[in-house]
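*Asks:* The primary structure of each chain is shown beneath.
There are 2 protein chains.
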Amino acid sequence: MSSASSQGANSPQQREAAESQVIGHGLAASPGAACGAIAFSADDAVAMHRRGVRDILLVREETSPEDIAGMEVAAGIVTTRGGKTSHAAVVARGMGKPCVVGSTGISIDETAGEMTAGELVLREGAAIAIDGSAGVIYRGELSVVEPEILQALNGKLEKDESALFGHFSMLMEWADERRQLGVRANADTPEDAAIARQLGARGIGLCRTEHMFFGSDRLLAFRRMILAASDEGRYAALEELRPYQKEDFLGIFRTMDGLPVTIRLLDPPLHEFLPHGDAEIEAFAREAELSVEAVRKRINETREINPMLGLRGCRLALTHPEIAIMQIRAIFEAAFEAMKEGVEAIPEIMIPLVSTVTEVRRLREIFEETIERVATEQDGDLENIPYLFGTMIEIPRAALQAKQIAEHVDFFSFGTNDLTQMTYGLSRDDTAAMIHHYLEQGLLTEDPFTSLDQQGVGDLMRIACERGRKGNLKLGICGEHGGDARSVVFCHGLGLEYVSCSPYRVPVARLAAAQAVLG
Amino acid sequence: MSSASSQGANSPQQREAAESQVIGHGLAASPGAACGAIAFSADDAVAMHRRGVRDILLVREETSPEDIAGMEVAAGIVTTRGGKTSHAAVVARGMGKPCVVGSTGISIDETAGEMTAGELVLREGAAIAIDGSAGVIYRGELSVVEPEILQALNGKLEKDESALFGHFSMLMEWADERRQLGVRANADTPEDAAIARQLGARGIGLCRTEHMFFGSDRLLAFRRMILAASDEGRYAALEELRPYQKEDFLGIFRTMDGLPVTIRLLDPPLHEFLPHGDAEIEAFAREAELSVEAVRKRINETREINPMLGLRGCRLALTHPEIAIMQIRAIFEAAFEAMKEGVEAIPEIMIPLVSTVTEVRRLREIFEETIERVATEQDGDLENIPYLFGTMIEIPRAALQAKQIAEHVDFFSFGTNDLTQMTYGLSRDDTAAMIHHYLEQGLLTEDPFTSLDQQGVGDLMRIACERGRKGNLKLGICGEHGGDARSVVFCHGLGLEYVSCSPYRVPVARLAAAQAVLG
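One line per chain: the protein sequences are D and U, in this order. Its first residue numbered 1263, the first sequence is counted upward by one per residue in our numbering. Its first residue numbered 1263, the second sequence is counted upward by one per residue in our numbering.
I should point out that these hints are in silico values taken from the structure, not numbers from a laboratory. Glycine residues also receive a C-beta, built at the ideal position from the N, C-alpha and C atoms. There may be inaccurate statements among the hints.
Label pairs and their in silico Cβ distance ranges [claimed, not checked]: (1) U:Glu1631 with D:His1429: 50 to 60 Å; (2) D:Thr1581 with U:Glu1551: 25 to 35 Å; (3) D:Glu1439 with U:Gly1755: 48 to 58 Å.
Quick partial rundown of chain U residues pointing at chain D, CB under 7 Å, derived from the structure [what the hints assert, rightly or not]: (4) Thr1366; (5) Gly1367; (6) Met1570; (7) Leu1571; (8) Gly1572; (9) Arg1577; (10) Ile1628; (11) Glu1631; (12) Pro1658; (13) Arg1659; (14) His1698; (15) Leu1701.
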């Protein structure tokens, strides 16, 4: 198993690590190595990038949707807070960028623009390096090699120079012949979908639609929608968003032509999208032509003490159906348009955060009505769009109620990130230090956010599979564990149909799925 | 069943409600009626009380441990945020005070000292009334009658005037003869324990030790302990707290002489105890002789995104064992002192928030060592103190791992408040409006924080009972559901040994337990 669980096989590798000074340790959140100049904010990172700085490391306490532009231009990301499935970690893995989170040994003063490690004080522009596979932060520069497999896939290497690529292809073919588990990827953009397909994914197992709202043009419309004082204002903002969503879906359908694309409806709490800090709030109020007080009031109203357990996922879809309806329209408008282009779109609509059968039943009614309406408008035949309707199983109660829920859906996808959080009562954003302590003290043998907790979370998955199984119910997993070799073997044992993981983990999952068959 | 589920039988009742103007609705968080003058902060409530205002209603967005003194002097509590098991609701029920939470129809501006209900603007001192059994807020004054049963128990009524008391006693005797379930109470002070015993509780099923740190003298020492820069400082602060804790436990042991007292070790996240707001932080820094910056830094460090799923309960005991060790010392010093007085102390040590068997095993080792040490110091014989060692089952994983955990404990107590939160993935503090919407829309037939969700949470309890049961394992429940008639019947069906509920709910539980036997 060790070959499959090594994460670095197709991520940038680091040379000369031994020669450098280690200044901090954290959680290995996204594999590969990167070095560059420190930026303490997303804006600074973007500004440095515009000034022509090529290698930037974004160093923050934690990241939020506000930081996406900065993360995009960064070569790697470091945070001092958060666990392996914090915002920084999840987004970095999605982008294929090295990332170390929950780092100890360093402290950051974002206002002063300083990072301290013992006696050492580093300011913006100072060089550091990270190894995201080992969770180590170094001082100074390190040279980094782009992995040959990706170079070959990207056509940067001559084929005959790339012996490794040949080995890789052979190994993957061998694995694919043996494995029974399907391998899909988690991808939110046509670009990610393309990488995933190149790396062997046979479908998208998780397309997170909220990531589509993070672009700065869309974010403004999305915020206007949340903050709308009237129904008309909200509908207008949603109409503004629909073409963006439709384009996104169309792009992914084109890339995945003939393969299934599982689209998860809006999942996070609304306040994750709202501006933070005085300056941002003022800027947004100006742009949206609202009073600063009105914006503050609404932000305060949407604030939650435990957002992880709050108004999100299908709870949003049930209390604000217009958002989900807009998303369903965009999906099916895109699917019909794809069909007209000769592209075979196979959308699988996925409802997040289900805990009761009533939620699924009600939403299915609402969505089917919307889908029929789109078909009529488009003068299209739904027979040509073989869509499925399913639910995530990420709340313990949904696993327990699997039999009842299964009657109303075509598939289950285990969201093992949230399922681990709820089953353990453990926030992935708050407990990195505690998990580290538990691992050191032998209270845990493994981080349950890295490798699936088979005794607890796995037991609940087993219960859900037993109770939910019916003739045609498809079972899959789309948590981070879908890219962890040991967890993949466990999923094979449960009899799942597929695992879905970050694009860069697809080869790991293919190998592990073959090893599961060979025992 | 309807007689047992009526909550008002021994709570202050409201007259003339029909004549008054309803200005808001909320969740019926603690039964009974109250009217009085509005106070918008705990400090204002205390000041009004000192000025001789007798009936005060504390009206806040939400309450926190800071507000305890204000809650103590108030006749009732209203909040606009939070659910039935929010801080305000739980503390109010513990105090036996009427409370309405998550109220709609009114909005509060605490800074301006204004409450708005439509066109109506009410300021400090204005009269309102609440019905905590129905969740209604009224404008103006209402006369309130203290319930005869409590008046009789308190000796305020002549026995011959109190026909109701006679009926009550007869009914309770009848119920006690038939029921198989034991009934205990949740009580944190000797006063609450005395009421519980008067109302028929045969033990304390939940003594929340954190409530003992909320007094203003203790809070300072507790905060010093959290914020200590050195181990010495922390130990010194803990030594300051130990006598308080010991006195508290001794008082409860005396009151409950011969009956078991289940003591839950510190449960909430540490930052719940830290000062909020500039003024409080500055005042605390002055008192504790720390810099304001140091206090702010530490507050920021302990801040959590999802405190419900964070560093609390046994996770605190394992990362900061000195706090739990201080508590264990105080419990056993008190037990030995009680013994010397001729009082029979039966402490049952309860570990909160367990999710793995390793946590229980490690803590039991640490605690037994401490207990032996106290016995040696006190020259006492542990044979005389028949203590038990148990765990809460409030995290889904603990329910699933019941077999393994049962090997290391003498009892399980189902903490159904948290178990409901985790099983549903639903924060009790954030989802009052959503639950309201779900109830209206028929997506839920009942609030799962009021009446136990038998299909989901109950199913997990059933799994835990089946897996955990061994010869001498005691099973109980200490969530709010222990005082809900329908949930009590369910617990009877599971074969639990006892339910534990707020003192004022004990009669409801006694009746429901009898009804469960009669089917």
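*Asks:* Hint by hint, note whether the structure agrees.
*Replies:* Outcome of the hint check:
For glutamate 1631 of chain U and histidine 1429 of chain D, the Cβ-Cβ distance of about 56 Å falls inside the hinted range of 50 to 60 Å, so the restraint holds. For threonine 1581 of chain D paired with glutamate 1551 of chain U, a C-beta distance near 49 Å fails the hint of 25 to 35 Å. Glutamate 1439 of chain D and glycine 1755 of chain U have their C-beta atoms about 53 Å apart, which keeps the hinted 48 to 58 Å range intact. Checking threonine 1366 of chain U against chain D: minimum C-beta separation of about 12 Å lies over 7 Å; hint violated.
Nearest Cβ of chain D to the Cβ of glycine 1367 of chain U: about 15 Å, over the 7 Å cut. The hint is violated. Using the Cβ-Cβ criterion of 7 Å, the hint placing methionine 1570 of chain U at the interface with chain D is satisfied: the shortest such distance is roughly 4 Å. Because the beta carbon of leucine 1571 of chain U sits about 4 Å from the nearest beta carbon in chain D, less than 7 Å, this interface hint is met. Checking glycine 1572 of chain U against chain D: minimum C-beta separation of about 4 Å stays under 7 Å; hint holds.
Of the supplied interface hints, the one on arginine 1577 of chain U holds, with its beta-carbon coming within about 6 Å of a beta-carbon of chain D, less than 7 Å. A hinted interface residue such as isoleucine 1628 of chain U counts as satisfied when its beta carbon comes closer than 7 Å to some beta carbon of chain D; here the least separation is about 12 Å, so the hint is violated. At about 16 Å, the closest approach between the beta carbon of glutamate 1631 of chain U and any beta carbon in chain D exceeds 7 Å, and the interface hint on this residue is violated. Restraint check, proline 1658 of chain U versus chain D: the minimum CB separation of about 4 Å is within 7 Å; hint holds.
Here the hint on arginine 1659 of chain U is kept, as its CB sits about 4 Å from the closest CB of chain D, short of 7 Å. The interface hint given for histidine 1698 of chain U is violated, since its Cβ lies 10 Å from the closest Cβ of chain D, which is over the 7 Å cut-off. Interface restraint check for leucine 1701 of chain U: the shortest CB-CB distance to chain D comes to about 11 Å, outside 7 Å, so the restraint is violated.
Hint check: violations occur at hints 2, 4, 5, 10, 11, 14, 15; the rest are consistent with the structure.
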